[in-house]
Amino acid sequence: MEWTLALQVVVNSLLLGGVYALIAAGFNLIYGVMDVINCAQADLMMIAMYTSYWIYTLYGLHPLTALIIAPPLLFIFGVLIQRLIIDRLLGAPLFTQAIATISLGYILQNLALIFWKEDYRMIWTDYTTAIIRVGIPLSLPRLVSLLSSIAIIAILYITLTKTDFGRQIRAVSQNRDAAALVGINVKKTYALVFGIGAACAGIAGVFTSTFYYAYPTVGSIFLLRMFVVVVLGGCGNLLASIAGGLIVGLAEGIGAFIIGPSWKEAIYMIAFLITLAVKPTGIFGEKRI
Amino acid sequence: MKKEYKMKKGDEMKWIKKIGKPGIYLPLTLIALTTIIPIILPPFLLHVAIMILLYSYLGTAWNILGGYTGQFAWGHSAFFGIGAYTSTTLYIYHKISPWIGMLIGSLFAAGYGALCGAFTFRFGLKGHYFVIATIALSEIIRIIFINWAEMGRAWGILLPVVPDSWIDFQFHTTKLPYYYIALTMLLTIIIIEIKIINSKLGYYLTAIRDDEELSESLGINTFKYKMIAMIISAALTSFGGTFYAQYVLYISPETVMPVGLSTEILMGPIIGGLGTIMGPIIGAIIVQPIHEFTRAYITTYTGIAGLDYVVAGTLMLTVALLQPKGVIQYINKILYSKTIITSSSKGE
Amino acid sequence: MLKIENLTKRFGGLIALNNVNLNIEKGEIRGLIGPNGSGKTTLFNCITGFHHPETGRIIFEGEDITGLPPHKIAIKGIARTFQIVKAFHKMTVYESILTGALLRAKDIKEAREITLEIMEFTGLIKRRDTLAGNLTTIDRKKLGLASAIATKPKLLLLDELVAGLTPGEINEIIKLIRDIRENGVTMIIVEHVMKFIMEIADKITVLHRGEIIGEGKPEEIAGNPKVIEAYLGEKYA
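Residue numbers (my numbering), protein chains in the order written: chain A, -4 to 284; chain B, 817 to 1164; chain C, 5 to 241.
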């Protein structure tokens, strides 16, 4: 096997992992702070993908302009979801939460189906088809996605650990009642955290739209991968999302190359089951934010 | 010491609480179901009725593992699909009657169920880890079938259309036989369910659902019993798969094995009421007509696909928010003067 | 009947049980006391298979049961209650006890009879159809006890049974325990409430920081300076 070819496969596979990491980071944030499993995370991403698509198709703007629109929109949407739905379910058994977020995802998917039909939507511009050469050809949008995802996760992490706001979030996450006693508005914090998590999905969606096609149920593909990333890295572990995302991207890319694209799903699925068996808490362990 | 309480056989019959006072209602319903309803229904409504029966059946099969044992599996489409594919391929390639194929399919489904159970229960996967694992396990099956040449890959298999025949399990002049078959399946599984509830198995499964550690301390081998529940649930689900294959006469990984199907199967019990007999039935009665009607009328006339799932999704959300124990709680309130949960009366 | 040899249990760096040796005679009621965190519940967990010890052996009626899964140990004849009272929340009192009785009964009919007996024996018959989740504290504790004895154990481990009960309720439990002993059941009782344990136990073992620091008749233990030191600050009930 040619070395440059191998390298190309490896690197392109890693690039895949960028957005996986970002969606997972949003999920981990929500789970780590609120113990809520947001099964609609990938569907929120789907909404962002469409936003980006329509911004380009209707207004001719560069798809990345959607970064100004989609994440804030999804942030607000996330806050609303938390206030209206999640808040009522905070004490409920696990599956009630899961059902609620899954139902929400279902609703989003099918609203998308109703309004935008089931056609695959792909954005073809100079940007989305661009290739840069750093020894080996790399897809530009994917590279940008990966680097941006890592950057955003890093920013999130720094915010959580170094800023007052971050400390507030961590206080609420570790001991809700104690935080309330110290004067922190717990409900508001929860709403904000969910909003941020949704915004992460939003950013991921915009980036994904630059190299993948949008359709109503595209979320289901990413949802499964997201869960694998989360379990691999460690539930609630923000930084581990990066590692998890890269690993899943790698497994998928290399798997597709060696065994064939239609089997690649099975590859990371099996890796996932093995992780569950051997170290269910993930490579880097579960974490409370 | 004076023995104040006589233990009647009826003390175990707590299922009567769940079904409602049998008395006059049960025989009446049964008569209506077997004679009046199927005759008067026009073809489309008959189809809806068949779907209600099928999903009541599937929901009940799932309930054995999900509601009674508390193991929230999200991968039952794999068992459904295994049943469908086994009977279909045996029929097409080896001319074996789908009825026999049904039984053989249940063996394979039970086998895969055992595998899933062995994996998830051995490693003590619980809560959301269990759910995700079952999804992954069912997806792996789907991917295998998408890549399997003899199984038609992603295009699936079209069953040959033959004239009405019981051996070939196909009927075209009228869908009535399908109705009766589905009804029989549902009644049979309910009887099985009742037998399980009133047996040692039933008590042990419910105990496991409520507290696994406590169960272990009382001598219950939780691994063994969870496996039993999984295997029974898997095998029973696969019968539904064969039925579906013979009803629709086309199967593919996308139609008989997707995660969405698993979701649809458990929607009934969740909306209707987990761990009860009527729950999955009520759930199916609510969900299936919505599904079928919106699909037939709204989708055909306005071309808007997906509306039915929006409605179903909203329903599930509402139920989750308002009454996590399921619609059956409302029905219980109507049927009895006091609700079951807070009642401390003796007997039924 | 029960022999524990050189039992050590670690949780990461923390040594919960350090070379514990214990000998329980058939028909005994052994009290197990010690300050919080001394390892009493850990010892119970090791005996009943919920924890696996690092070293040492647990021998029950001549058989090595170390490391067996909890359900097997229950089958061998050791039953227990839990410090944080566990119950089958969605089952009634009758159903909960029946679940325990099903271990030894050859069919549901026999289990029913055993359950009836036990409900009368414990006085829970009045609450026959109440959901376990709706019981009062003492009834819930009685239920835990009832389910455990429904498995017809030879050895019964009771973990802080009377914590939080009124003196009247404690006397009720004392009578129950004595009745259970009449039926030939050996018991190890972990307790903080001194009045209770002094009255009921034949012999008391004192655990402190995972080690046994004293063993003997209740009167001897009460005067033991090491025991008093370990309990410095503890009130007597």
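One or more hints might be untrue.
As the list claims (entries may be wrong) - In silico DMTMM-like pairs for lysine to aspartate or glutamate, Cα to Cα no more than 20 Å straight-line:
#, chain 1, residue 1, chain 2, residue 2
1, C, Lys76, B, Glu1029
2, C, Lys90, B, Glu1028
3, B, Lys1016, C, Asp133
4, C, Lys7, C, Glu58
5, C, Lys90, B, Asp1026
6, C, Lys80, B, Glu966
7, B, Lys1011, C, Glu58
8, B, Lys942, A, Asp30
9, C, Lys80, B, Glu1029
10, C, Lys156, C, Glu114
11, B, Lys1016, C, Glu58
12, C, Lys76, B, Glu1028
Stated by the list, open to error - What follows is a list of derived Cβ distance ranges for each label pair:
#, chain 1, residue 1, chain 2, residue 2, range
13, A, Phe279, B, Ile853, 54 to 64 Å
14, A, Val5, B, Ala1112, 33 to 43 Å
15, C, Thr140, B, Ile1008, 34 to 44 Å
16, A, Asn170, B, Gly1076, 49 to 59 Å
17, C, Thr140, B, Pro858, 54 to 64 Å
18, A, Thr276, C, Thr59, 56 to 66 Å
19, A, Ile71, C, Pro171, 58 to 68 Å
20, B, Glu1070, A, Val5, 29 to 39 Å
21, B, Phe860, A, Ile150, 54 to 64 Å
Claimed, not checked - Examples of chain A residues lying across from chain B (beta carbon under 10 Å, computed):
#, residue
22, Tyr101
23, Met117
24, Thr120
25, Thr212
26, Pro275
27, Phe279
Quick caveat, the hints were computed from the structure, so don't treat them as lab data. Beta carbons: idealized from backbone N, C-alpha and C, even for Gly.
Going through the hints against the structure:
no. : hint                               : in the structure
1   : Lys76/C <-> Glu1029/B              : 13 Å, holds
2   : Lys90/C <-> Glu1028/B              : 10 Å, holds
3   : Lys1016/B <-> Asp133/C             : 19 Å, holds
4   : Lys7/C <-> Glu58/C                 : 17 Å, holds
5   : Lys90/C <-> Asp1026/B              : 10 Å, holds
6   : Lys80/C <-> Glu966/B               : 52 Å, violated
7   : Lys1011/B <-> Glu58/C              : 44 Å, violated
8   : Lys942/B <-> Asp30/A               : 15 Å, holds
9   : Lys80/C <-> Glu1029/B              : 17 Å, holds
10  : Lys156/C <-> Glu114/C              : 13 Å, holds
11  : Lys1016/B <-> Glu58/C              : 36 Å, violated
12  : Lys76/C <-> Glu1028/B              : 14 Å, holds
13  : Phe279/A <-> Ile853/B: 54 to 64 Å  : 58 Å, holds
14  : Val5/A <-> Ala1112/B: 33 to 43 Å   : 50 Å, violated
15  : Thr140/C <-> Ile1008/B: 34 to 44 Å : 38 Å, holds
16  : Asn170/A <-> Gly1076/B: 49 to 59 Å : 39 Å, violated
17  : Thr140/C <-> Pro858/B: 54 to 64 Å  : 58 Å, holds
18  : Thr276/A <-> Thr59/C: 56 to 66 Å   : 27 Å, violated
19  : Ile71/A <-> Pro171/C: 58 to 68 Å   : 60 Å, holds
20  : Glu1070/B <-> Val5/A: 29 to 39 Å   : 32 Å, holds
21  : Phe860/B <-> Ile150/A: 54 to 64 Å  : 56 Å, holds
22  : Tyr101                             : 3 Å, holds
23  : Met117                             : 20 Å, violated
24  : Thr120                             : 29 Å, violated
25  : Thr212                             : 8 Å, holds
26  : Pro275                             : 6 Å, holds
27  : Phe279                             : 16 Å, violated
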